[in-house]
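Student: Each chain, letter by letter, is given below.
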Amino acid sequence: MPTGWSTGREVTAPAPAALTPAIHRGVALFCLGALVPAVTMGIDQVPSLATWWLVVFGAGIVVVTVAMTVVSLAGYPIEALAAGWVSLVLAGLATWPLAWTSPEPARSSPWLWMCLGAASVWVALLLGTRWGFLCSLFTGAGFALVRISHSGGAITLLQAMQDMLVLVVTPWAVIIGISLLTDAIRDLDASLTGWQQQQARAAVEEALVEARRRLDGLVHDEVMTTLVSVAQAGGQRDQHVTELARHAIDRLQSAGEAPDDGAPVTAEHLSWLVEDVVTSVCPEAHVTVNLGDPMLSVPPEVAGAFARASREVALNVVRHAGDCRVEVVIGDPPGRRRGLQVVVRDDGVGFDPTGVPGDRFGLRRSVRGRMEAVEGEMEVRSRPGHGTTVVLSWAARAEPKTARQGGPRSYPKLSTVSPAALAGLIWVLVGLHFVLGWTSLDQVSSPWPVLAAQVLATIATWLSLRGLTHSRIPASWAAAVVLLLLGTTLFVQSVLPQGQWPGYATWHSSVVMALMIVLLFRGRAKIAWLGVLAFALVSLVWAATHGLGLGELVRVLFGPVSWMVVAQLASGWLLELEHRQRRARLASQGANRAIAQSYSRLVMRDVWLRQLKQQAGPLLATLADGDSELSPAEAEAAVALERRLRDGLRAANLLTEGTQDVVEAARGRGIEVSLVDSRGSALPEPVKLAIRDELRHLAEDRSIRRLVVRAAPEGYPAVATILVSRTDATSDLLNLDADGRLATR
Amino acid sequence: MIDVAVIDDHEAIRLGLAAALGAYDPRLRVVSQYATVPAFLVSGVRADVVLLDLQLADGSDPQANTEDLTSAGFLVLIYSIADNVRLLRRALAGGAAGVCRKADPIGQTAASIEAVAAGQVVLSQEVLALIEGDESYVAANLGAREREVLGLYAAGMEVPEVAVHLGIAENSVKEYLKRIRSKYTTLNRPAGSKLDLFRRAIEDGIVPPVQPRN
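Chains A and B supply the protein sequences, listed in that same order. Residue numbers in the first sequence follow the numbering used here, run continuously in steps of one, and reach 730 at the last position. Residue numbers in the second sequence follow the numbering used here, run continuously in steps of one, and reach 638 at the last position.
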C-alpha cells in the first residue's frame, strides 16, 4: 500500500461499479416486500389455479425472490437471478388464463400484478431504460387483457385501462427516479474527479513555485552576487570573489543532494507531470492521455525517470527535428501488460538510428540509461525524412498495486438531481392519480368530496415542492402538507362504498406516499413518518367502519409504508456517502500536497538545478580556484551569465524553451537585448513562442542595434511589444496580440 | 567631490564598488560601507548619495529603509541585482531617486550617482516599466497622454523616439515622464484591499500568476 494514499483508502466509498449492486439490492428487497400483499391477495386465488402453474411460477417466483435478496445481501451479483425472476413473472402472466381452473371469474386482480412493475424496473436495470419502458407497456397491455378475461376478474374495459395506466406509469416513475439519481451520482463523481485534478494541479503549481523560489533565492544570493563582483573587479583576482564562488558551489552541491524518496504517484498524476514537463519544453506538442488504469501506483524513481526522460526526448525534438508536428501519447504499454508508456512522435527530419553514434542526440546515455535503471525500456524508430518516434515504457510488477481500486468513487447528493425534473416527476405522478380518481367516480357516492380532495392535494403538492432548490423545507410547510393530505384522505374516504374494494377510488394513497417521500428527502423525516402514521390510523378506522378485511387494508397501506421505508434507507445511504465525500476531500488534499512536493523534488528542481550547474558550474569553479587569473573572456562570460540568470529571474514570463539561446545569440552578434515584464499575469504561450521566433528572425538582421521585448500590462491592446532600434536611428515597435500575431505600428 | 555611502550585506560588492568607482571617476569617493541601514545611520557619516542594496541580509523592508534614509536627509539610489518587482516598487514609493543595476557598466552607475547628487530624479526604462506594471496606480493616477508616453517609453523607446512617434516636443516627453515618476514617489500605497494583497502575492511569487480568461 503506497503511503501517500493510505488515508485515501480508508474512506473509499462505493465505486460507481458498487452503485449498481446497491440499486439491485434495493430492488430485490422491494420484490421481497411486495410478496407480502401478493401473498395476502394470492391466498384466495390458490384453489383456483392449476398445480403446475403454482409449482412452476408461484413457488418459483417466491423462491427466486428470496434467493435474490439473500445473494445480493451476501454481496454477490444477482443479474442472472433477476433475469430468471423477470422471465418467471412474464411467463406467469402469459400463462395465467391457462392456469385458471375455476369456472367462477376471479374476485380480485391476479396477485402477480405486484411483481409486474418490478419486472419492468429490472428490465430497465438489466437491458437499459428504453427496454424498461417497452416492458412496462407490454406488461400493462398484457395485464389489462388478463383482467378483462375470466381468469382476471372479467372487469370492464375502463377498469382494465386504469390497471394498465398504473402498471405503465409507476415503473416509469421508478426508472426515471433511479436514472436521475444515477446521473446525479455520475455528475458528482465527475465534479469530484475534476476537483481532485484541480487540487492536485494547484498543489503542484504551489510546490513548484516554492521550489523555484528557493532556487531563485540561491541564484540571487550566491551565484549572481559572485558574478557581479567579478564584473566589478574587472577581471582582477579578489579573495572575496574566490570565497563567494566557493560558497556558491557548496550551496549548489548541497541543494542537489535529494534522492528520489517521494511518495508513489498514480499513473494519472504522472501523466499530468509528463504533460507539464513536455509542454514546458515544447509547447506546440499535442498531448493525449489514455490510461487504462489511472490509479496504477508508480514508484517515485520510475516517475522521476519518466519525467526526466520525456523532457530529454522533447528537448531533442525541439533541437533536431526542425519545424514539425509533435504528438505525445501517454497510455498503457502494448499487450495486456500493466504499466505506462509515453510515445513522442514527430514528423520532422528524422535520422538513421543505425548510423548514429551512441551519444548522438544524447538519447542513448541519458534516456535509455534512465529508463533501464528503473527496469523500463526505450525504443527509437526513425528514418531520414520520415520523422522520429521514441517510445518509453515501463511494466509494473506482476502484483497489481492500485492505489485505489475501482477507479474514481461516487458520492451522490440528491440536491444535484435537477429540481425541475424531480418536481415534474412528482406532478406527473400526482396528476396520474387524479385521472385514476376521475375514472373511478362511479365507485363513490358523490363526486364533490373527491374534487375537493384533489384541490387540497394540489395545494399540498405545490407546497411540498416549493423552493425545492433549498433542500430543507420549513417545518410549518411540512406540517401544512401533512394536514392537507389528511384532509384529502378524509374527503376521499367520506364517499367510499361500504363492504367492497373501491379500486382506484383510493387514488389518494399514492399521492400521500409521493408527497411524504418528498418531505423525507427535504429534511423532515419525523413529520413525514408522523404523516404516514396518521394516514395509517385514518385508513385503519376506515377499513374497520366500512366492513373491509385485512387484505384491503394492506393494499391501501402497502404503497405508502413500503416506499417510505425504501426512501428512508436511500436517504440514509445518501447522507453517509456525503459524509464520506467530505472526508475523502480532506484526505485527498493531504495526498495531493504530498504528491506535489515529491513532484517538485523529483523532477523540476532537479532539472533547474542541472541547468544552473551547467550554466554556472564551470565559471564558478574557475572563480573558486583562487590561483588562476581570470581571462578577459571569462570576465565577459561572467557578465553574460549574470544577464542570462537575471532574465530568468525577472523576465521568466517572456521566456519559453529556446528563447534564452536566441537572446544569447543576438547578444553575441552585438545586439543589445532587454527583456521587460510589466504584466501581472502569465503571458499566453503562443505569445512566448512568437517572441522566440521573432527574435530568432531579428537576430539575423545586421542593421539592428537594440531590441527591447516587453510584456505589456493587462488591458493593453498589445499583449507584448518588441522595439527594434536600428543603427540608422530609426525604430519600429512590433505589437503582438494574445494569439502571438504581429502588427507593426 | 561627491561622497558616496554603500549599504550592502555582501562585503565583496562593497569593496568591489568602492574600488571600481574610485578608479573610474576620482570625483566619486566612497566614504563608508555598512551592512544595514541602522548601522549606517548611527555612524553619523555624512554622504551626498547613499547606494542602497534592495535586499539586505537583515530582512528589512526597502520602503522603510528608503524612508529612514530620505528623512535623515540622504539621497538614495537603489543598487540591485535582479530583484523582486514589489520590493523595487516599495523602494521607489519610499522616495528612492533611482535604480541601478549592479551588473551595469560602472560608467552608468557613476552617471546615475552624479545625477542623483545633482538633485535629479533618475529616469530609466526599468523604473518606468515598474511603474507601468503597477496597474492600480496607472489606472487611478495617469491621464490618457501620460499613459501613452509611459507605454512607449516602457516598451523601450528613447525620449526622442517617443517625441517623434507622438509628434510632441522632447521636453514635453521628459516632463510627462518626470511627472509620472514624482507622482509615484509621493503616493501613499497602503496594501489594504484583498486584491492588492493578492497582486503582491503574485509579485512575490507566493501565488502563481493567474491565466487570464479568453
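Hints in this document: simulated from the structure, not taken from any laboratory. Every value quoted in this text rests on a predicted model; they were computed, and no experiment measured them. Even glycine gets a Cβ: it sits at the ideal position worked out from N, Cα and C. Do not rely on the hints blindly, as some may be mistaken.
Quick partial rundown of chain B residues pointing at chain A, CB under 7 Å, derived from the structure [stated by the list, open to error]: (1) A436; (2) I505; (3) K526; (4) A579; (5) V583.
Under 10 Å between C-beta atoms, here's a sample of chain A residues computed to sit facing chain B [as the list claims (entries may be wrong)]: (6) L119; (7) E228; (8) E619; (9) E621; (10) R628; (11) L634; (12) G653; (13) I656; (14) D662; (15) S663; (16) S688; (17) L718.
Computed far set for chain A versus chain B, every beta-carbon distance over 12 Å [claimed, not checked]: (18) D201; (19) A216; (20) H225; (21) R236; (22) Q553; (23) A623; (24) V624; (25) G700; (26) Y701; (27) A703; (28) A705.
Student: So, for every hint listed, does it hold in this structure?
Tutor: Hints, one by one, checked against the model:
1. Hint on A436/B holds. Least Cβ distance to chain A is approximately 4 Å, under the 7 Å limit.
2. Contact between I505/B and chain A, as hinted, is supported at the beta carbon level, the nearest pair being about 5 Å apart and thus within 7 Å.
3. For K526/B, the suggested interface contact is upheld, since its CB lies about 4 Å from the closest CB of chain A, less than 7 Å.
4. Look at A579/B: its Cβ gets to within about 4 Å of chain A, closer than 7 Å, so that hint holds up.
5. Hint status for V583/B relative to chain A: violated, with the closest Cβ pair at about 12 Å, above 7 Å.
6. A least Cβ separation of about 46 Å between L119/A and chain B goes past the 10 Å threshold, and the interface hint is therefore violated.
7. Using the Cβ-Cβ criterion of 10 Å, the hint placing E228/A at the interface with chain B is satisfied: the shortest such distance is roughly 8 Å.
8. A least Cβ separation of about 16 Å between E619/A and chain B goes past the 10 Å threshold, and the interface hint is therefore violated.
9. Taken as an interface hint, E621/A does not check out: its beta carbon lies about 12 Å from the nearest beta carbon of chain B, beyond 10 Å.
10. Checking R628/A against chain B by beta carbon gives a least distance of about 7 Å; that is within 10 Å, so the hint holds.
11. Residue-level restraint check for L634/A holds (minimum Cβ-Cβ distance to chain B is 4 Å; threshold 10 Å).
12. For G653/A, the shortest C-beta to C-beta distance to chain B is roughly 17 Å, which exceeds 10 Å, and the interface hint is violated.
13. Among the interface hints, the one on I656/A is violated; its C-beta lies about 13 Å from the nearest C-beta in chain B, farther than the 10 Å criterion.
14. A distance limit of 10 Å between C-beta atoms decides the matter here; for D662/A the minimum to chain B is near 7 Å, and the interface restraint holds.
15. Interface restraint check for S663/A: the shortest CB-CB distance to chain B comes to about 4 Å, inside 10 Å, so the restraint holds.
16. Below 10 Å, beta-carbon pairs count as interface contacts, and S688/A has none with chain B, the closest being about 16 Å; its hint is therefore violated.
17. Here the hint on L718/A is kept, as its CB sits about 6 Å from the closest CB of chain B, short of 10 Å.
18. Non-interface call for D201/A relative to chain B: violated, since the shortest CB-CB distance, roughly 7 Å, does not exceed 12 Å.
19. Residue-level check failed: A216/A sits 6 Å from the nearest beta carbon of chain B, not beyond 12 Å.
20. The Cβ of H225/A does not lie farther than 12 Å from every Cβ of chain B; its closest approach is about 4 Å, which violates its non-interface assignment.
21. Against the 12 Å criterion, R236/A stays outside the reach of chain B, whose nearest CB is about 14 Å from its own CB.
22. With a least beta-carbon separation of about 45 Å from chain B, Q553/A lies farther than 12 Å from that chain, consistent with its non-interface assignment.
23. At the 12 Å boundary, the C-beta of A623/A falls inside the reach of chain B, the nearest C-beta of that chain being 9 Å off.
24. The claim that V624/A is not at the interface with chain B is violated, since a C-beta of that chain comes within 12 Å of its own (minimum 6 Å).
25. G700/A, annotated as away from the interface, has a beta carbon of chain B within 12 Å; the closest lies near 7 Å.
26. With a closest Cβ-Cβ approach of about 7 Å to chain B, Y701/A is found to fall inside the 12 Å limit, against its non-interface label.
27. Taking the minimum C-beta to C-beta distance to chain B, about 9 Å, the non-interface status of A703/A is violated against the 12 Å cut.
28. At roughly 9 Å, the least C-beta separation between A705/A and chain B is not larger than 12 Å, which violates its mark as non-interface.
Hint compliance for this structure: hints 5, 6, 8, 9, 12, 13, 16, 18, 19, 20, 23, 24, 25, 26, 27 and 28 are broken, all remaining hints hold.
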